[in-house]
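Assemble chains S and W onto chain A, guided by the hints.
The lines below spell out each chain.
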Amino acid sequence: MTQIPTFSAKQIAKFIEGVIEGDPNAMVERFGQIDQCPEKGLTFLTDQKYAHFLYDTKASIAIVSQDFEPEEPVSCTLIRVKNPKKTFVTLLQFYDELKPKRLGISKQAIINKSAVIGQGVYIGDGTVVEEDVEIKDDAKIYPQVYLGNNVSIGENTIIYAGVKIYEGCKIGNNCIIHSGAVIGADGFGYIPDEKGALTHIPQMGTVILEDDVEIGANTCIDRAMLEATVIHKGTKIDNLVQIAHNCQIGEHTVLAAGCGVAGSVSIGNHCVFGGQVGVKDHVKIGNYVQVAAQSGIHRNVRDKTKLIGTPAMDATRGVKALGSLHYLPEMLDRLNRLEKEKEKEKGEE
Amino acid sequence: MTQIPTFSAKQIAKFIEGVIEGDPNAMVERFGQIDQCPEKGLTFLTDQKYAHFLYDTKASIAIVSQDFEPEEPVSCTLIRVKNPKKTFVTLLQFYDELKPKRLGISKQAIINKSAVIGQGVYIGDGTVVEEDVEIKDDAKIYPQVYLGNNVSIGENTIIYAGVKIYEGCKIGNNCIIHSGAVIGADGFGYIPDEKGALTHIPQMGTVILEDDVEIGANTCIDRAMLEATVIHKGTKIDNLVQIAHNCQIGEHTVLAAGCGVAGSVSIGNHCVFGGQVGVKDHVKIGNYVQVAAQSGIHRNVRDKTKLIGTPAMDATRGVKALGSLHYLPEMLDRLNRLEKEKEKEKGEE
Amino acid sequence: MTQIPTFSAKQIAKFIEGVIEGDPNAMVERFGQIDQCPEKGLTFLTDQKYAHFLYDTKASIAIVSQDFEPEEPVSCTLIRVKNPKKTFVTLLQFYDELKPKRLGISKQAIINKSAVIGQGVYIGDGTVVEEDVEIKDDAKIYPQVYLGNNVSIGENTIIYAGVKIYEGCKIGNNCIIHSGAVIGADGFGYIPDEKGALTHIPQMGTVILEDDVEIGANTCIDRAMLEATVIHKGTKIDNLVQIAHNCQIGEHTVLAAGCGVAGSVSIGNHCVFGGQVGVKDHVKIGNYVQVAAQSGIHRNVRDKTKLIGTPAMDATRGVKALGSLHYLPEMLDRLNRLEKEKEKEKGEE
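Top line first, the protein sequences correspond to chains A, S and W. Reading the first sequence from the start, the letters are residues 0 to 348 in numbering that gives the first Met the number 0. Reading the second sequence from the start, the letters are residues 0 to 348 in numbering that gives the first Met the number 0. Reading the third sequence from the start, the letters are residues 0 to 348 in numbering that gives the first Met the number 0.
In isolation and in its complexed conformation, chain A is listed as follows (with noise of 0.2 Å):
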């Protein structure tokens, strides 16, 4: 249940380009899901199987699908569109714009004189900015986040309280960081000696996002030995992912929650991985590869690919796979049922 500015049905469904159905004066305030929407609410109807919900909804508006025929009396206005989800998402965004915008630069932040800081920018209390850090116009940059030296932070780019940006690291245009994420920490990389006491090899590279990336709370990535690790345009990344040094990760791509990245990866475009896979070190995965949560990489990926299993199997095969371990204890009994007989049966011969 979302707080939101008023707004009338015939207001919203000439905002979307829908079609109302009832009162166009029914006036919402906040969104409210299908099955728990609060009265003055505005709710959203995109798959058939919820429309029960909608019958007795306290909802004054729902935005369903243009072709929706309900079974029962609707008593909250109707707006129908093309793609009511879509729609919706719209919605959520021209409110999410209608909130003020932070702005200014707090007395409280620690600036190096040496900042270039464009127009529109806003930084938050206790951020400290170091050496030589640009800030392009209309960044935002919430409080007690950290900017090394020589750090960049690209137009329009959302930095959320407490993050943590090494020295050197460049943050494209449109990126959102959140809170604890911390980017361009070293590389793990260590020599052993004679008697395995093990030595850090320096790590001098560091971390390029480019425009459009999204990185979760708390997740790592860390410096590139020599060049850089980097996250290509438009790449999302959840919380609590490890992307170890050098990798390559394409664009357009999403990382669920949990995922650990070994170092040297590169992992192409449009692919999704779900939460807690984990990817071995040099392993170079194609483009659209989808790949089921908790799967383990450690070959090569092609193109296309569907992956589920540790050791990460074909998914069609993996699914029949990982289905049939339940089997494997009567698996055991019928082999040796089978074994015994066929002992029996050459004793008798």
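Watch out, some of these pointers could steer you wrong.
Copies of one chain are not kept apart here, so a pair can be met inside one copy or by any two copies together.
Stated by the list, open to error - Capping the alpha-carbon separation at 20 Å, the derived lysine to any residue pairs in SDA-like fashion look like this:
hint	residue 1	residue 2
1	LYS194	GLN289
2	LYS57	ARG79
3	LYS279	LYS305
4	LYS139	ASN111
5	LYS345	ARG333
6	LYS303	GLY285
7	LYS279	GLN289
8	LYS279	ALA314
9	LYS48	LYS85
If you are wondering where the hints come from, they were derived from the structure by calculation, not from laboratory data.
This is chains S and W only, laid out in the frame that chain A set:
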């Protein structure tokens, strides 16, 4: 080995309603584990199998079960109680309460004037409190915490250093949130365009932690899209756990470190999850469910089920199945042999 | 591509005791990987299979093995050494040492008067140092760090931005702790009452990091209940790792990202853990143990064992077992067929 205020066996026995055996004036000034307790130490024996440590301990006092029968002479003072473990926890709590309480609001905290702050509150250095925040009586907010607009913190709740709580999240009474936890970052929701570029769906909801909830270090609890991600009363979540948007986690449930719970999952009351468990989005899990570490749950789960494995199996079967995995290569050999013999037989016929 | 102070082949060869082949006056001002090294770049060849990159590199200098025999003409200057990888690390360390060292105590740090601070120490903006903290010579504490009461930081140790160290924890000499790491949060210990409500067991112990320990970004190391969680000398822990209360992690051991080690586990010296490994509570693991990524260990492990899988198997067997998983659906079919034939035979008898 933890330094504590000095007490005598007599004082302690009175407090815990135990029966002294040995010197009632034995003094203790620290805690210690039974296997390494130093001089003037207070230790406890909960499990008979560790009794041998007692016979040559340097401890001054040991708390033991009322029916403990030593097999060798014991030099330290014994205090006999009904339930040594529970009694020991009571003692730890007693000593914990003796620690000086943090109090007062640091001048180095950055607090918006609109904040409503109760009695007995502590707010540490560098903490940022944004607009319209409410902090109730006896809440302890450590340094470098971020409380976004409209956040509320319940009575007696402890927020450790560096926790980030986004706009609008509500934290109940007697909660504990450990360092680095991120409460209320955006849920991971995107809508693709025709070309596969992803647009962020604004997450307009919030997070609610009910009373007595504890959240581990660097754990992430994402805000809901429209309503609230809720952690119900008394639930304890360990470190580095991911709770995605729209989840409902029941009462008195325990999630160990590294779990990942995808979007819109509901988990019941009194459940216990081992570490690194993954749960698929929209899954519904009943009450009193127990899940072994590293399991992957992709279907709804009934009350009182015990689960293990990926995909999660009933525990009795699953333990056998995972145990049989070990024999899989041999099974393949045996199957080959049986088939070969069969072929041979056929050839002979 | 990392900018570095300019040196000639002659200077470098002297420093690394190498033999020049080509122009001794070739100058380098950056590092580069063999496959993408820019002009004026210094690169290295450790593996013959990448030699083809050398024949058309723009690099000015390449460090190669003393017995490297090029199959095509090489335009850049070669410096021949015994062990190119080790030499290259030596060079990286040399250049790393040339970076200006941070020094001085920020006026924007908030330091309790009781602090004992050595020579050559750096304390960054917004760092909070509570009561009775000791910071030894040449320690570097970046901005926004939190050091609780009675924390001590050893000589030459680096604590990056935003690290949180709870009360009483002891950090050795020459340690490195990366951003977002949380040292000393409460162990996850609860005692249930009759109704299943959980009471937190106070965690009165601490955390000790011995010398030369490195901790990755957003890693959590919980304090012990009574004694100390200890990370022994020289051990390196990657990002997003969970070390629970009372654990003892041996010397010169490596834990890759995403590992979760439950309470009271002991791990030996010189072990290597892949990513996302889980270890059950109270398990004892010997020395020189190697564990494949995503394994789950629930039993004690002897010295020098190699493990893979969940539950963890001896690696030789485990690799076969996990590989066989793939054939499980077919095995089931074959077993069905054999049984059917057997039935048929019996019918015929």
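Do the hints match the structure? See the list:
Within a single copy, LYS194 and GLN289 get their C-alpha atoms only as close as 43 Å, which misses the 20 Å cut-off; across copies the closest is 17 Å, which meets it. Taking the shortest alpha-carbon separations for LYS57 and ARG79, only the intra-copy value of 18 Å comes in at or below 20 Å, while the best inter-copy value is 62 Å. Taking the shortest Cα distances, LYS279 and LYS305 sit within 20 Å of each other both inside one copy (17 Å) and across copies (17 Å). With identical chains, the CA atoms of LYS139 and ASN111 are at most 20 Å apart both within one copy (17 Å) and between copies (19 Å).
When the C-alpha separation of LYS345 and ARG333 is checked against a cutoff of 20 Å, the pair qualifies both within a copy, at 18 Å, and between copies, at 16 Å. Within a single copy, LYS303 and GLY285 get their C-alpha atoms as close as 7 Å, which meets the 20 Å cut-off; across copies the closest is 36 Å, which misses it. Both within a single protomer and between protomers do LYS279 and GLN289 lie at most 20 Å apart by alpha-carbon distance, with minima of 16 Å and 15 Å respectively. Taking the shortest Cα distances, LYS279 and ALA314 sit within 20 Å of each other both inside one copy (19 Å) and across copies (17 Å).
In the homo-oligomer, the alpha carbons of LYS48 and LYS85 lie at most 20 Å apart inside one protomer (18 Å), although the nearest pairing across protomers, at 50 Å, exceeds that limit.
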